[in-house]
Amino acid sequence: MGGAPEKITAYISTGKYHQHNPGVKDGLDGLGDALQALAEAGMPMIYEKNHMILGEGSFVLAVSEGRFMNNHVAFYDLFRIENGKIVEHWDTIETIPQKSAWKNSNGKF
Numbered sequence: 013m014g015g016a017p018e019k020i021t022a023y024i025s026t027g028k029y030h031q032h033n034p035g036v037k038d039g040l041d042g043l044g045d046a047l048q049a050l051a052e053a054g055m056p057m058i059y060e061k062n063h064m065i066l067g068e069g070s071f072v073l074a075v076s077e078g079r080f081m082n083n084h085v086a087f088y089d090l091f092r093i094e095n096g097k098i099v100e101h102w103d104t105i106e107t108i109p110q111k112s113a114w115k116n117s118n119g120k121f
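Convert by adding 12 to the 1-based position in the sequence shown; the result is the number in my numbering.
Just so you know, these hints were derived from the structure itself, not from any lab.
Do not take every clue at face value.
[Unchecked claim] Quick list of in silico lysine to aspartate or glutamate cross-link-like pairs, EDC-like style, CA-CA up to 16 Å:
hint	residue 1	residue 2
1	Lys37	Glu100
2	Lys61	Glu106
3	Lys61	Asp45
4	Lys97	Glu77
5	Lys28	Glu100
6	Lys120	Glu60
7	Lys111	Glu77
Based on the provided sequences and hints, a complete structural model is requested.
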């Protein structure tokens with residue numbers, strides 16, 4: 013997992029972590045396995061820029077840009093927080109086309 017993976021338990025619950033991405037198992041081990049498999053395949057998930065972070069109640073939405081499956085993408089991650097740690101995660105990833113293919117000049121962000 014790049015960065016400082018030993019710090020992940022400061023942010024994600026070790027007792028309860030529900031993953032709503034059908035390609036990733038629940039729990040920290042499931043998350044670690046998925047990220048490791050991507051890295052070993054030469055396709056690490058890389059977050060390059062956070063565009064917006066919104067929170068209300070126990071939910072936080074992060075809107076970011078980066079690389080996934082060697083494509084330029086937008087990441088939308090929704091987290092549910094309990095006792096100061098992430099206990100639930102939903103996500104969607106959308107490829108950002110080359111500017112020459114855009115139908116308008118609004119951009120993704």
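Right, here's what the structure says about each hint:
Annotation: proposed proximity of lysine 37 to glutamate 100 holds, straight-line Cα distance about 12 Å (limit 16 Å). This hinted pair checks out: lysine 61 and glutamate 106 have alpha carbons roughly 15 Å apart, not beyond 16 Å. With a CA separation close to 24 Å, the supplied pair lysine 61 and aspartate 45 exceeds the 16 Å bound. Restraint check: the Cα-Cα separation between lysine 97 and glutamate 77 comes to about 23 Å, which exceeds 16 Å; the hinted pair is violated.
Among the hinted pairs, lysine 28 with glutamate 100 is consistent with the structure: their alpha-carbon atoms are about 8 Å apart, no more than 16 Å. Distance check on the hinted pair: lysine 120 and glutamate 60 sit about 15 Å apart at the alpha-carbon level, within 16 Å; holds. Our distance criterion of 16 Å between C-alpha atoms is met by lysine 111 and glutamate 77, whose separation comes to about 15 Å.
Hints 3, 4 from the earlier list are contradicted by this structure; the remaining hints agree with it.
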